[in-house]
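Colleague: The residues making up each chain are set out below.
Number of protein chains: 2
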Amino acid sequence: MAEFIAPLEELIEGFARLPGVGRKSATRYALSVLDMNDDDINAFSDALANAKARIKRCRICGNFTDTDICPVCEDTERSPIICVVEDVRALMSIEKVREYRGRYHVLGGVLSPMNGVGPDQLNIASLLSRITSENIGEVIIATNPTVEGEATAMYLTKLLTPLGVKTSRLAYGIPVGADLEYTDAVTLMRALDGRRELN
Amino acid sequence: MAEFIAPLEELIEGFARLPGVGRKSATRYALSVLDMNDDDINAFSDALANAKARIKRCRICGNFTDTDICPVCEDTERSPIICVVEDVRALMSIEKVREYRGRYHVLGGVLSPMNGVGPDQLNIASLLSRITSENIGEVIIATNPTVEGEATAMYLTKLLTPLGVKTSRLAYGIPVGADLEYTDAVTLMRALDGRRELN
Chain L
1 MAEFIAPLEE LIEGFARLPG VGRKSATRYA LSVLDMNDDD INAFSDALAN
51 AKARIKRCRI CGNFTDTDIC PVCEDTERSP IICVVEDVRA LMSIEKVREY
101 RGRYHVLGGV LSPMNGVGPD QLNIASLLSR ITSENIGEVI IATNPTVEGE
151 ATAMYLTKLL TPLGVKTSRL AYGIPVGADL EYTDAVTLMR ALDGRRELN
Chain S
1 MAEFIAPLEE LIEGFARLPG VGRKSATRYA LSVLDMNDDD INAFSDALAN
51 AKARIKRCRI CGNFTDTDIC PVCEDTERSP IICVVEDVRA LMSIEKVREY
101 RGRYHVLGGV LSPMNGVGPD QLNIASLLSR ITSENIGEVI IATNPTVEGE
151 ATAMYLTKLL TPLGVKTSRL AYGIPVGADL EYTDAVTLMR ALDGRRELN
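Keeping their order, the protein sequence lines are chains L and S.
Under this note's numbering, the residue at position 54 of the first sequence is numbered 54, and the numbers go up by one with no gaps.
Under this note's numbering, the residue at position 177 of the second sequence is numbered 177, and the numbers go up by one with no gaps.
Bound conformation, chain L alone:
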C-alpha cells in the first residue's frame, strides 16, 4: 500500500489544500472523519459545498454576510467612524476586542503594483462615497504595518484629507507582554516616536 486507496486519497487532498496543513495533518484529519458520526459529516460536507454560494459580500462595507447587508452595517447604533481594514480577518480581530463600536470598510487587499493590484482593484470608490452619505467624522486606517499596508494608508490619506474627514492610523509600538530585548529596531524607534506623556 504505497499509496492510499482513492476515496481516502481524495479526502486527504481536500484537507491538504487548507493553509498550513501538510500531508501528515491532512491524513490525520481524513482518518478522524471515518470516526465521526454521519450527521456531523453531512453537516460539514454541506457547509463546505454551500459556503461560497451562501456567504456574500456586504453591499456597503465588503464584510461577509448571508443577506444583502452585513450585521455590522445593519447595526444603527454604530458611531459614524469607519475603520478601514485589508480583509475580513482583520475586521473579525478588531470586533473580537469589543472595544471599537464604529463601522468598517473592507478594502479587499492592499496596493501592490508588483502583483498588479492598483486602486481600481480595491474597494476604494465606495469608501469615498460613504464619507458623505454616512456623514463620517473619522477614518481609522487599520491596514497591516507592512510596506504595502503603509503605502495604502498614505494613498488613502491623500484621497480622504480633501474630503475634510479626519484620518488616523493604528498606533505602532511594543506589543503588550513583549520583551524590549527581543523587539526589532524599527518597532522600538516607532515606539519612541509615539511615546505618550504619563499623567
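FYI, nobody ran anything at the bench for these hints, they're computed from the structure.
Fair warning: this is a prediction, and the values are worked out from it, not measured in the lab.
Keep in mind that a hint or two might mislead.
Pairs count within a copy or across copies, as identical chains cannot be separated in the list.
As the list claims (entries may be wrong) - With a straight-line cut-off of 20 Å between C-alpha atoms, the simulated DMTMM-like cross-links for lysine to aspartate or glutamate are:
hint, residue 1, residue 2
1, Lys56, Asp40
2, Lys56, Asp179
3, Lys24, Asp179
4, Lys52, Asp38
5, Lys158, Glu95
6, Lys56, Glu10
7, Lys166, Glu150
8, Lys52, Glu181
With chain L held as given, fit chain S onto it using these hints.
Modeller: Then chain S, alone, in the frame of chain L:
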C-alpha cells in the same frame, strides 16, 4: 458581529471537529475555503460526504479498502508473516518505512477492561484462523508500548504460542537521534535489557 453569520459558523464548526483543531484554526480554514475554486471545494465536499460509504474494512486484515480485499492482502508477493497493529494509522506508519514486506492484521483497538474492550471487541478470532489458512510462520506484535498495548501483546502471545507460531514484539530502546539525558528511566532500562552485541 459578536458571532459569525450562520453559513460561516457551520463551516467553522465542521473544521473544529477535527482532532487538534481549535476555533482559531477552524476559522482560518473556513475563510480559506472562500478563496478556493469551486471544483476543489466540490471535490472536497464529495470526498467528505462519501468517505464513510466508500472506505470499507478489508475482509481479511481489517485495513481500509474501497474493494472487498485491501491492496496489501491482494499482494501475493508478501511473505507469510503477520504484523499485528492496533489501528490503520500504525499500519500506514510501518508501510511508509518500506522495509517490512509481510502482511498485517488490524486489531481495531487494544484490550482495555476499563473502557469495556475485551477480546470479543477486537479482531482476534480472524487473526487465529489466518495463522493456519495462510500458513503464517511469525507474528510480530506491534501494539503501542502502553499498558494496554503490552497487556494485549501478552494476551495474544498466550493464544498464539499453542498454535506453534513464532511471536515477536517490536524492540524497545532509545529512539534514533534522542539524547540519553532526556530519556526516561523505563526506556533506558529496556534499552539496557535489549542491548545487542557489537560485531
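Colleague: Run every hint past the structure and note whether it holds.
Modeller: Hints, one by one, checked against the model:
{"no.": "1", "hint": "Lys56 / Asp40", "in the structure": "between (24 Å within a copy, 19 Å between copies)"}
{"no.": "2", "hint": "Lys56 / Asp179", "in the structure": "neither (41 Å within a copy, 54 Å between copies)"}
{"no.": "3", "hint": "Lys24 / Asp179", "in the structure": "neither (34 Å within a copy, 25 Å between copies)"}
{"no.": "4", "hint": "Lys52 / Asp38", "in the structure": "between (23 Å within a copy, 8 Å between copies)"}
{"no.": "5", "hint": "Lys158 / Glu95", "in the structure": "neither (27 Å within a copy, 62 Å between copies)"}
{"no.": "6", "hint": "Lys56 / Glu10", "in the structure": "between (28 Å within a copy, 15 Å between copies)"}
{"no.": "7", "hint": "Lys166 / Glu150", "in the structure": "within (17 Å within a copy, 71 Å between copies)"}
{"no.": "8", "hint": "Lys52 / Glu181", "in the structure": "neither (45 Å within a copy, 53 Å between copies)"}
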